[in-house]
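Colleague: Single-letter residue listing:
2 protein chains.
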Amino acid sequence: MIRFDVDASDSSTKARSGRLALEHGVVQTPVFMAVGTQASVKTLTPEELIQAGTEMIVCNSYHLYLRPGHERIRTLGGLTRFMDWDRPILTDSGGFQIYSLAALSKVTDEGASFQSHIDGSSHAFTPEGVIGIQEALGSDVAMCLDECPPYPVTAQRAQEALARTTLWARRCREASKDGTTVFGIVQGATYPDLRRRSAAELVELDFPGYAIGGLCLGEPSDLTHELVSVVSEVLPSERPRYLMGAGYPEDIIAAVERGIDMFDCVLPTRNGRSGTAFTSTGRVVIRNARHTDDDSPLDEACDCYTCRSFSRAYLRHLFIADEALGPRLLTLHNVWFFQNLMKQIRVAIGRREFKSWSRSFLDRYREGRSPGVAGT
Amino acid sequence: MIRFDVDASDSSTKARSGRLALEHGVVQTPVFMAVGTQASVKTLTPEELIQAGTEMIVCNSYHLYLRPGHERIRTLGGLTRFMDWDRPILTDSGGFQIYSLAALSKVTDEGASFQSHIDGSSHAFTPEGVIGIQEALGSDVAMCLDECPPYPVTAQRAQEALARTTLWARRCREASKDGTTVFGIVQGATYPDLRRRSAAELVELDFPGYAIGGLCLGEPSDLTHELVSVVSEVLPSERPRYLMGAGYPEDIIAAVERGIDMFDCVLPTRNGRSGTAFTSTGRVVIRNARHTDDDSPLDEACDCYTCRSFSRAYLRHLFIADEALGPRLLTLHNVWFFQNLMKQIRVAIGRREFKSWSRSFLDRYREGRSPGVAGT
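Residue numbers (this note's numbering), protein chains in the order written: chain P, 1 to 376; chain Y, 1 to 376.
Hint data in this document are derived by calculation from the structure and do not stem from the laboratory.
Each hint should be verified, as a subset may be incorrect.
Some chain P residues judged to face chain Y by a derived CB distance under 8 Å, without partners named [said to hold, decoys possible]:
#	residue
1	A39
2	K42
3	T43
4	P68
5	R74
6	M83
7	L101
8	A163
9	L167
10	D295
11	S296
12	S309
13	F310
14	S311
15	F319
16	E323
In this text, a Cβ means the ideal position worked out from N, Cα and C, and glycines have one as well.
So that you can see chain P by itself, here it is in the shape it has in the complex (with noise of 0.2 Å):
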C-alpha cells in the first residue's frame, strides 16, 4: 500500500513537502532514509535511528538474499522483525551492487548473472526474482531492478541500459503481488533526452513512485541538477520522485528545489566511521590536531546525545586510540544532522521560505559564518 500527500509547494521551486503512508506508517517528506544494508544501519540501534528523528530506512536486496538469505528473513517475521525496525523500509533491487561489486557480472535481457563477493558462488537476478526477494524480505517500497551504466558511459551503452531497464520495469510491475509497492528506476546516464525518454516509458507503465538512478556517481553537480530538473518535469507531480544516493546537504537542497523528495546515502554513516562529522558550519574532521584540547562540541547547535556529553578532545581521542564508540558517536551525530536538516527543509516549505532558509543554511554551512551575519 502507498499514499502520497502533498501539504504545501513551494512558490517560486518545485519544493514540496508532504507525506507517504506505507504499510509499517507515515513518513514526513522530503524525507532522508539512512543506509542498513546488510540489515543494520552501521554501529546504530533502531533506538537511536528513532531518536534522532529517522522514519525510513535503506536495505539491500542483493546483500541480504546472499546473507543471511531472504527466505530465512521471511521465515524471522521479516526485515522489520528481524532488525526490530518497524517502520517502514526501502530496499534497493540490487542492479547497482551486481554491477559495483560482484564479480563476472554478465547481463542479458533475461536478467543478471554474477558471482558473490563474498565467496564467489554463482547467482542469477531476474526482474522477477528481485521482486519475489523484496516481497519475502516484507519491503514497504521494493525497487525494480534496473541496468545502471557507470559514469562516463556513450550515449550507444546508455541507450541500451535505458532500454533493458524499461523492459525489466514491465516485467516487475507484472510479477509484484496485490499490494507490493513498487517503484520504477530512470535511467540514461547524463543525457537529457535519454532521461526524458527513460521517464516517459516508466510513466507509461504507471508506477506508484519513481526513483533516478545512475547519478551522483562522480559526475559535475551541476550536472546531476540539471538532469534531476529534466527527469522531475517529465515525472507526474502527484507521486513521490526519490533521488538514489544524493547526501551532500547542497546536492539534496538543489533536488529538493527541482521536486525531489525521497532521499538515501550512505554518506552520513560512512564519513562517521571514517570521522568526518557534518555541522551546522561545515564539516569537521575530528582527527585534526586542532581538536586535541578542545572543549567545545562538534556542533554548537547541534542537542544529539554526542554533542550533549562530549568535546571534541574527547572524540579525536576515541578515533586517535581507535577505540569503538568514536565511528559510533559520530555516525549518530551525522544521522542526527541529516534528520535535522530534513526537518529544517520540511519547516521552511511549509512557511513557504525554502529559497531564504537555503540561502542562510548554505551561507552557514559553506563558510561557518553565524546566521546573523550570512552575507556579509
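Model the placement of chain Y on the given structure of chain P, informed by the hints.
Modeller: Frame of chain P, contents of chain Y only:
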C-alpha cells in the same frame, strides 16, 4: 575520600555486602567494575553503562599517560568530565601494562623504564610519578605501582618483586596528597607464605583498601582461590578487598565467598566483541551455526536491550556480516549480565542465603538447567 561500611555478612562464609563511598559517589559491594582502559568501555556509552547497573569503572594510567596524556585530561576537567562518567573511577597504576605490553621494560628499585607500545618512545614510571598521574586524572581510587611477575615464576623472583612492591607502596603512600585514596597491591605469586608476607607488610602501611594482584594469570583456579583465602585472612576486615582481573562468574563467586569486595575484568567486553555471550545458562558462542534460525533471545532470563529486542539469528547475522552493531549488542548484554550477577550476589548476602543462591546459580550456569530442577 573513602568510607567503607559492611551492611551484611554471610554466616557460613566470609562473603559480605556493603557500601563504598568515594569522591564521585557511593558504590554497592561486592562491585564489578567495567574496564574502560583508554577512557572508554569499549563500544558503550556512559548512559548504557548506567542503564546496565554499572556504578564504577576502571581506567588505565599507562594508556592514558601515553594517550591523550594525563595533564591534558586534567586541563579538560579530569577523567569523569572527559569521558562524561560522573561516577567513581579506579585507575590502575600501569605496572601490569609495563610488563605485559610495553617493549624493553627495565625495572630497578627507583622505578620502571619502558618503551611505548604505540611509538617506541622512552618513558619512566616511579611510584611518586604514577600517583601524580592518577591525581591528574582525578581518580577516586589510585593504585600503587607494583612489580607483577608473570606466571609461573620462581620463589626467588617472586620474593624480589614482593620486596620492591612493598618499597614502592611505602613511597606511593608518602607521595599521595591528602584526600587521594591509594590502594596497596599484594604480590607474592603462587607462594602462600610470600602472599602472607606481602599482605602483612602492606597492612603495616595502613592503606584504606587492598588489592590482590598477580593472580588470574593462567594458574589453576583452585590455586587462585586458595591464595585469595590466604591473603584475605591477613587483610583487615574493615577495609575493602579488591581481586584484580578476576572475571569468570565461578571465580567471582568463589572470591566473594572468601571476602572479596571489588572486581574488574575485560571478560564481558572482550568476549562480547569477539562474539561470546554470558547467559544464565552458560556461555553462548553466537557465530555457531545452530543459532542461524534461532528466533529466541540470547538469554530468556535477561531484560537488557539486546535480549528485549533481537533474536540470536539476528545477532549471529551481525557477526557473520561483520556489522559493528553485533559486538556492541553483545558487550551491552555481557555488562548487563555481570551487573545483574553482582546484584544477585548482594541480595543473597543480605538475605543470608549466599551459599544456597550460589549453588543454584552455578548449577544452572554450568549445566543449562532451569533453577527448579537444579541439583537433580
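Colleague: Take the hints in turn and mark each one as holding or not.
Modeller: Verification of the supplied hints:
no.: 1; hint: A39; in the structure: holds (7 Å)
no.: 2; hint: K42; in the structure: holds (6 Å)
no.: 3; hint: T43; in the structure: holds (5 Å)
no.: 4; hint: P68; in the structure: holds (5 Å)
no.: 5; hint: R74; in the structure: violated (12 Å)
no.: 6; hint: M83; in the structure: holds (6 Å)
no.: 7; hint: L101; in the structure: violated (14 Å)
no.: 8; hint: A163; in the structure: violated (35 Å)
no.: 9; hint: L167; in the structure: violated (33 Å)
no.: 10; hint: D295; in the structure: holds (6 Å)
no.: 11; hint: S296; in the structure: violated (11 Å)
no.: 12; hint: S309; in the structure: holds (5 Å)
no.: 13; hint: F310; in the structure: holds (6 Å)
no.: 14; hint: S311; in the structure: holds (7 Å)
no.: 15; hint: F319; in the structure: violated (11 Å)
no.: 16; hint: E323; in the structure: holds (4 Å)
Violation of the numbered hints given earlier is confined to hints 5, 7, 8, 9, 11 and 15; the remaining hints are satisfied by the structure.
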